[in-house]
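Protein sequence lines correspond, in order, to chains A and B. So the first sequence is residues 1 to 289, counted in my numbering. So the second sequence is residues 1 to 276, counted in my numbering.
None of these hints come from the bench; they were simulated from the model. These figures come from a predicted structure and were not determined experimentally. Ideal Cβ positions, reconstructed from N, Cα and C, are used throughout, including at glycine. All clues stand as given, with none of them false.
Listed next, with one range per pair, are the computed distances between beta-carbon atoms:
#1 B:Val9 with A:Thr132: 38 to 46 Å
#2 A:Ala171 with B:Asp38: 41 to 49 Å
#3 B:Thr170 with A:Ala171: 25 to 33 Å
#4 B:Leu261 with A:Leu141: 35 to 43 Å
#5 B:Arg48 with A:Arg25: 51 to 59 Å
#6 A:Val188 with B:Arg87: 42 to 50 Å
#7 A:Asp180 with B:Leu262: 30 to 38 Å
#8 A:Ala171 with B:Leu23: 35 to 43 Å
#9 A:Thr43 with B:Leu262: 50 to 58 Å
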Amino acid sequence: MNDTPSECPNFTYLQDAWIRFNKNRIALICLYILIFICLMAITVPMVSQYSYSAIHLELKNQPPSWKFWFGTDDLGRDIFCRVWWGARVSLMIGFIAALIDAVIGVVWGATAAYFGDWIDEIMMRISDILYTIPLLLTVILLTVFMGSGLKTILISLAINGWINMGRITRAQILQIKQSDYITAAKAVGASTGRIIFRHLIPNALGPILATATLTIPSAIFTEAFLSFLGLGLQAPLASWGIMINDGISAMEFYPWRLFFPSALITLTMLSFNLIGNALRDALDPRLRS
Amino acid sequence: MDERITPEVLKTLYSYYGLDQPLWVQYIKYLKGFLTMDFGRSMIYSGRPVYQLIADGFPVSARLGLQALCLSIPSGIILGTWAALKRSRWQDNAAMVVSTLGVSVPNFVVASLLQYFVALQLHLLPVARWGSFSHTILPTLALAALPTAFISRLTRSNMVEVLQQDYIRTAMAKGLPLFRIAIVHGLRNALLPVISYIGPVTAQILTGSFVIERVFAIPGLGEWLVISINNRDYPVILGITIFYSSLLLISIFLADIAYSLLDPRIRAAHRRHQHE
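Taking the hints into account, I'd like the entire structure generated from these sequences.
Here it is as structure tokens:
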């Protein structure tokens, strides 16, 4: 691909990145796996004849069969159905957390880097202070006020999850800010907002996108980790963390209760991580041929 | 408030925990307590002081954490260097698949799978609990998985960058053996960012240990923290959190010092900064 300066540089850059992403077989397979998981998470809870919470004690701890594809748990609930309810929770947390982090982090980092000087200093110190608050502590304190649940997890993730994104954006923008075309834009009298949103952020997009993609698996892990410890979603809601915690206590006799949620969370996190890495490589202008 | 508690009992309880004093007095008393490692008493375990819980739990967690660090740092560095030297060949891909797996599989899944296959199916090691060295093997492996993966990725990416430097080309041109170039010239420079990661990794190992200690029923500090959270035992939660945070700060600080001692460029930059 040879792009001439007269073409829209954004378009060719993304197109080029997409071509390189497509060359990465593993990342493409991961993308298909994730699309499949998303579709299943949307459709299965809608069409399944089983409910995630209804208790059927006469059907408890059934091994996987044609009737219950992934078996049932100790309360006779269909694990296939529960696993996809859990997928809804995990994917939702992953995407929302990534979106919140991206919006706050990018705006914060870009503003700090653009204005520089004492504004940068103050903004970065504020984020340094926020960064020291341990996640578990936020979760505990918020649980006292709001009870445990999705909202609590999302807010605690949002409190300092964006700081990494803010730092990466800031570092990128600091670098780009010194380019000639920014000076040129200033010289022709472009407004501050226009320079930030039209020139700086689009050109810093590569690392931002890659970081956002890598935020998703870590948010999914955090939800599962909290639910696993009993601080996240509460029964009878289905979450991979809750199901794995239940499964561990029964793994000697009913291993499928542990196996299916573990396999799904691993597959999901693995896919997001591989896609994030592939995106980072594909969007890195230094590797551009 | 429960009606079965008589006012006298309530008053005694209030004065025992210092709750009858104004907030700021309580706060100053609490802050003074920190200086002497006195975090108050547990509200659930009939007045056991918090420092006692920390003194009981920390050696267990520290042993587990140190074992995991001793395992993960060398193996991560070796795996990463190897992958960088065999860049884009199957060894590189294999090492990166292993490390991506290590980052992607949640530690409680690693722990429970180890428990299931090694302990329950093969009967090689004890399933859980704390006691002999054999009890520590599975939790150490589960705890070491994530840092090993992280360190190997970090080492690989730094090593790949360092191997493209001019001084490596010079060393190649002199005809030095590749192994010597990688170890003496490459690794020394590639390891600098790894060292700065070892500070936070200590924290990661400690936070990871909440889950690992829970899965393996190990009476460490992480298990105490989880128990105290579920009991809403605030003095214990606060005490352990502050203990963890101080540990984290100290380890990051030490890593920073080590970094500047090892990298003359940072010292030079610092000196320039002072002169300005």
